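Protein chains: 2
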Amino acid sequence: MNRMVPAVSADVPIVLVFSGHDPTGGAGLVADSEAIAACGGWAMTIPTALTVQNCRNVQAVAPVSGSQIRAMANALEDLPVAAIKVGLIASIDSLLAVMEIIRQRPGVPVIVDPVLKASGGAELSDAELVDTFCELLLPQVDIVTPNRYELARLAGPDSTDDTQRATALLHRGCQAVLVTGTDDPVPGVAVSHVMHTLHRPHGDRQWQWPRLAGSYHGSGCTLAAALAARLAIGEGVVSACEQAQAFTWQALKRGWQPGKDQYLPRRLWQLPNTSFTIPFTAV
Amino acid sequence: MNRMVPAVSADVPIVLVFSGHDPTGGAGLVADSEAIAACGGWAMTIPTALTVQNCRNVQAVAPVSGSQIRAMANALEDLPVAAIKVGLIASIDSLLAVMEIIRQRPGVPVIVDPVLKASGGAELSDAELVDTFCELLLPQVDIVTPNRYELARLAGPDSTDDTQRATALLHRGCQAVLVTGTDDPVPGVAVSHVMHTLHRPHGDRQWQWPRLAGSYHGSGCTLAAALAARLAIGEGVVSACEQAQAFTWQALKRGWQPGKDQYLPRRLWQLPNTSFTIPFTAV
Numbered sequence: 026m027n028r029m030v031p032a033v034s035a036d037v038p039i040v041l042v043f044s045g046h047d048p049t050g051g052a053g054l055v056a057d058s059e060a061i062a063a064c065g066g067w068a069m070t071i072p073t074a075l076t077v078q079n080c081r082n083v084q085a086v087a088p089v090s091g092s093q094i095r096a097m098a099n100a101l102e103d104l105p106v107a108a109i110k111v112g113l114i115a116s117i118d119s120l121l122a123v124m125e126i127i128r129q130r131p132g133v134p135v136i137v138d139p140v141l142k143a144s145g146g147a148e149l150s151d152a153e154l155v156d157t158f159c160e161l162l163l164p165q166v167d168i169v170t171p172n173r174y175e176l177a178r179l180a181g182p183d184s185t186d187d188t189q190r191a192t193a194l195l196h197r198g199c200q201a202v203l204v205t206g207t208d209d210p211v212p213g214v215a216v217s218h219v220m221h222t223l224h225r226p227h228g229d230r231q232w233q234w235p236r237l238a239g240s241y242h243g244s245g246c247t248l249a250a251a252l253a254a255r256l257a258i259g260e261g262v263v264s265a266c267e268q269a270q271a272f273t274w275q276a277l278k279r280g281w282q283p284g285k286d287q288y289l290p291r292r293l294w295q296l297p298n299t300s301f302t303i304p305f306t307a308v
Numbered sequence: 026m027n028r029m030v031p032a033v034s035a036d037v038p039i040v041l042v043f044s045g046h047d048p049t050g051g052a053g054l055v056a057d058s059e060a061i062a063a064c065g066g067w068a069m070t071i072p073t074a075l076t077v078q079n080c081r082n083v084q085a086v087a088p089v090s091g092s093q094i095r096a097m098a099n100a101l102e103d104l105p106v107a108a109i110k111v112g113l114i115a116s117i118d119s120l121l122a123v124m125e126i127i128r129q130r131p132g133v134p135v136i137v138d139p140v141l142k143a144s145g146g147a148e149l150s151d152a153e154l155v156d157t158f159c160e161l162l163l164p165q166v167d168i169v170t171p172n173r174y175e176l177a178r179l180a181g182p183d184s185t186d187d188t189q190r191a192t193a194l195l196h197r198g199c200q201a202v203l204v205t206g207t208d209d210p211v212p213g214v215a216v217s218h219v220m221h222t223l224h225r226p227h228g229d230r231q232w233q234w235p236r237l238a239g240s241y242h243g244s245g246c247t248l249a250a251a252l253a254a255r256l257a258i259g260e261g262v263v264s265a266c267e268q269a270q271a272f273t274w275q276a277l278k279r280g281w282q283p284g285k286d287q288y289l290p291r292r293l294w295q296l297p298n299t300s301f302t303i304p305f306t307a308v
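Taken in sequence, the protein lines are chains R and X.
With the first letter of the first sequence counted as 1, position 172 gets the number 197 in this note's numbering; the numbers rise by one all the way through.
With the first letter of the second sequence counted as 1, position 16 gets the number 41 in this note's numbering; the numbers rise by one all the way through.
Incorrect hints may have been included.
Any copy, or any two copies together, can satisfy a pair, since identical chains are not distinguished.
[Unchecked claim] Derived EDC-like pairs: lysine to aspartate or glutamate, alpha-carbon spacing no greater than 20 Å straight-line: (1) 285 with 103; (2) 285 with 167; (3) 285 with 260; (4) 285 with 36; (5) 285 with 102; (6) 142 with 208; (7) 278 with 156; (8) 278 with 36; (9) 278 with 148.
These aren't lab readings, by the way, just hints derived from the structure by calculation.
Everything numeric in this text was worked out from a predicted model, so none of it was measured.
Generate the whole structure from the sequences, applying the supplied hints.
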């Protein structure tokens with residue numbers, strides 16, 4: 026018997042993802058999977074919500090129940106997880122389930138993209154959910170990746186600038202805040218550029234990159250998932266933030282526009298356009 | 026103002042996918058998305074069911090309602106679709122919704138992977154669902170991709186060999202049947218090889234390829250999704266079948282084993298293991 030043995034490589038770092046599902050593939054758990062694969066990890070995805078949406082806006086969000094989320098995650102409990110990425114959380118019930126699973130994986134870096142609003146403008150969260158998110162989830166988070174709108178909502182009305190707002194989040198107990206300045210430009214930054222800022226207790230770090238024209242569907246998911254994967258493969262925080270931004274910028278730059286609405290990031294642009302070798306015989 | 030314009034390439038063929046979601050990423054809609062991307066298309070995925078599973082077996086299947094499936098698909102109605110791929114259908118309600126959407130896209134090739142049983146052995150379908158599938162969906166299908174077990178269940182007890190069974194399916198109105206001989210070897214084929222057969226009204230075509238050791242989680246999803254993508258990019262049926270098999274074989278050969286259970290296909294093996302170029306300035 027001449028059986029071939031496949032290559033065994035058990036060293037693909039698993040990123041456990043809690044995200045909504047977006048049928049367009051621009052955002053949500055499919056987007057996360059792509060970004061994580063392209064950045065060297067393997068995504069295992071637990072849907073937190075099913076959404077009805079297209080490349081214009083989100084029409085409906087149906088949260089997945091906490092008990093379903095727990096069951097899906099518990100079935101994977103034997104597997105090693107190198108990072109956890111949290112995206113859309115659409116109910117307190119599902120938030121509590123996600124937190125419970127995070128607590129079962131102590132020491133695993135947790136990256137949270139606080140999805141409060143769709144890029145088309147639809148609100149995806151209410152005040153009670155935001156409060157619970159800040160009180161209970163933030164203290165367990167290694168890096169949270171809000172845009173400036175989300176930062177302001179999470180920090181509340183008492184802070185007056187981004188640094189104060191980020192500091193408020195750090196005081197909640199999260200380890201780092203990566204604020205993206207794409208949608209709502211940072212004051213003082215040229216309109217031709219975008220500035221992202223990493224806030225940590227011992228100091229800030231900033232990156233500026235050329236602004237891309239157009240509106241994108243899934244840029245926040247892409248950034249946070251790429252960041253989770255880079256941490257999962259063992260990169261340090263600053264390098265992981267840098268690589269995740271570079272990856273996201275490249276994927277957006279190659280974005281494509283189905284119809285006339287938002288662009289979809291092309292996260293797998295590095296795939297060759299190829300035919301596959303045929304190791305078998307047509308008979 | 027110096028704004029960069031992203032590349033616009035509206036020519037990525039969209040494959041509309043109806044599949045279950047598998048948290049492991051080995052099978053289901055994430056697997057489909059990867060295979061479709063690697064074969065030149067863009068997947069838009071409508072979940073038909075959420076599943077609780079790991080790399081051993083499926084523990085639970087929760088069908089998504091027909092009304093949710095319709096809403097998700099209707100939100101995408103403006104977009105051109107180049108192929109439709111159908112995987113796990115876990116209820117008659119969702120089957121009827123999928124059929125309705127297929128009818129709204131006349132002329133689009135429909136590829137159906139009849140997922141009746143998980144690769145770990147769990148039954149995913151009952152007799153009533155199989156009957157409804159054969160009566161109502163099969164006549165709308167361009168290519169159905171059963172393994173030998175699924176072929177026998179779909180064809181019923183009256184046929185005695187694969188050719189008769191495939192002919193019974195062709196008589197139901199589907200255009201082609203690609204029977205995979207991996208799980209349940211074809212009589213007369215050496216155990217070191219696997220034979221797949223494409224049955225069409227005007228004749229058969231067969232391929233033999235070296236058998237891989239190990240058990241895989243998601244090989245059927247991978248094959249059918251790759252086939253849908255190759256048809257979506259304009260390949261003919263025989264060439265698309267050949268390319269989809271070659272792609273699947275390569276992805277399985279590079280499979281990896283998280284834990285001690287089934288291997289997961291690595292469909293994105295062509296991605297370089299790379300760092301990303303940084304087109305911006307750290308400040």
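Results of checking the hints against the structure:
1. 285 with 103: between (45 Å within a copy, 10 Å between copies)
2. 285 with 167: neither (37 Å within a copy, 30 Å between copies)
3. 285 with 260: neither (38 Å within a copy, 27 Å between copies)
4. 285 with 36: between (42 Å within a copy, 13 Å between copies)
5. 285 with 102: between (43 Å within a copy, 13 Å between copies)
6. 142 with 208: within (12 Å within a copy, 46 Å between copies)
7. 278 with 156: Answer is neither: 35 Å inside a copy and 48 Å across each miss the 20 Å cutoff.
8. 278 with 36: between (31 Å within a copy, 16 Å between copies)
9. 278 with 148: Neither. Shortest intra-copy (27 Å) and inter-copy (44 Å) distances fail the 20 Å Cα cut-off.
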